[in-house]
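Chains as they are written, first to last, in this note's numbering: chain A, 1 to 54; chain B, 1001 to 1511.
Think of the hints as simulated: they come from the structure by calculation, not from any bench. Check each hint, because a few of them may be wrong.
As the list claims (entries may be wrong) - No more than 27 Å apart at the CA atoms, straight line, and that leaves these computed lysine-lysine pairs for DSS-like:
#, chain 1, residue 1, chain 2, residue 2
1, A, K8, B, K1194
2, B, K1215, A, K8
3, A, K35, B, K1273
4, B, K1194, A, K35
5, B, K1008, A, K35
6, B, K1439, A, K35
7, B, K1238, A, K8
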Amino acid sequence: MEKKKRMKPLGWIFMIGTWTIVIFLFIMSIWLISKRKVKYEENKGKEENNKKGN
Amino acid sequence: MNEREHWKTRIGLILAMAGNAVGLGNFLRFPVEAAKHGGGVFMIPYIVSLFLIGIPLMWLEWTIGRYAGIRGHGSPPAFLSLGWKHPIAKYLGVIGLFTPTVIAIYYVYIESWTLAYGFLSLTNSLPIVDHTEIQDINAYLAPFQTFHKNFLGDTDGPLMYPSRYAYLAFIITLCLNMYILSRGIVKGIERVAKIAMPLLFLFAIVLVVRVFTLKNPVNPDIDIIKGLKYIWEPDFSKISDPSIWLAAAGQIFFTLSLGTGAIQVYASYLREKDDIALSGFATATSNELAEVILGGSIAIPAAIIFFGVVNAQEIAQSGAFRLGFITLPAVFQNLPFGNIFGALWFFLLFFAGITSSLALCQPAISFLEDELKLSRKESSLILGIIIFFSSHLVIFFKGAIEEMDFWAGTFGLVFFATIETMVFMWIFGGEKVWEELHKGADIRVPRIFFYILKYVSPILLLTILVTWFWKYFSKIGETASWNIFLTRGFLIYLFVFMCAVVGIVWKRRKG
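If we strip away everything but chain A, and leave its shape as in the complex, we get (with noise of 0.2 Å):
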């Protein structure tokens, strides 16, 4: 029967950190996405009015 047995702090320490580092990666891109949806949605606008205008 296996015995239980912990996982070392190294082992937490780098699982700890990749989630981390991908967490902080992914909430940083979704953030600054919220901050720039205004300018894509302009971008969308413009594009329309410039079509409407032709």
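Given chain A, put chain B in place with the hints provided.
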């Protein structure tokens, strides 16, 4: 020039791009690779590769796609022709058309297994074995193994005779893919991505919570910590092993769906001033979230909790299909409400699969639409017929999936990515790419990525290519049976046929 469609919303675009990237590999291949290559220490080359290959190439492919799209082209032969004004460029681009189409031929069939297994699990039609019998892993898994063999019609000979469930599921999955594709970018792909991706994340979170609360039915001391320990505890003796670096670079490549041509084709439906720098980055981070956190916390930890480290190691070594279609059902079917968790697992894989297969089919659809001027419905029908007949090779001939996966899903991707990086960074001009990337950009990409794209990524890609060449090509003739040669013949025929069509189209255009 036909008016090309555009993505309706940015979130729809990012979800579709993330759907392209998040595939079966995120949940089956990544944990196996991490566990096999030194656990936590695998994450060092993995993160390094993400920044040296993954994210830079993602930006390059988005840039190529948008650049070609605003010029009315959305297919890989046209991409390379725009980047390099040489007659051979269009034929090099055929690799970007050939690769995703071949992957789609076997991917749709595998995807259909997940749909069938989802319903079989939901209706309690998968085997149930008393969980106190987990002494002998092979005996315990035998009913599941037999079930899977019968499902695929696996025989001792070179042929397979699939069950009616497998064949019906394949037909349904193929029709569903073609129906969605025929609806177009906004009403088809974007709408599906907006439904499938949130559901995929929801199902994955539910399964992670369930796996984290699992305990070994015989020895309650074995819990999630044991599973996480196996994946994450670093084995530093392996860090100097070049094969780990190669495996990590390969994993980054597959997980982000680089070199399939799909990213460029999706990006070709962007407007000229739509941001690609931030959207590309967000796509990569969404994929990493799904892979590293969710993908790494379901299959392997569950297998370890239930079967112990030694058995789980053997399962991991025997491949992703055994893990996904034999081991995981064996775990879930014996839990309270196990049929529901099993169904969630397979529907999660189905959503991951369908969002990827739609992207894999899109390069061929765009080629038929943009270069042959066919309608969306005609293009979907033609591709559907091609995939239907070609898939019979993988349905009936043993080893065809593996053979196609090597040529298209492994070698083809890296080969095409190497070509496009060389063409755009060295012939078309790195500075022009950089300028194009920043048109309408919501973020300024650090300049270091320019040098990475121009010098580091091509060297790394060439290294991967040469090493694989060295490792696999000497073995090509060793174990090949007639059905493998038949598959190779089909691949050669398909490639030559695509080259001929591209040649005729370009000749007519010139004329």
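Against the structure, the hints come out as follows:
no.	hint	result
1	A/K8 <-> B/K1194	40 Å, violated
2	B/K1215 <-> A/K8	20 Å, holds
3	A/K35 <-> B/K1273	17 Å, holds
4	B/K1194 <-> A/K35	21 Å, holds
5	B/K1008 <-> A/K35	19 Å, holds
6	B/K1439 <-> A/K35	18 Å, holds
7	B/K1238 <-> A/K8	17 Å, holds
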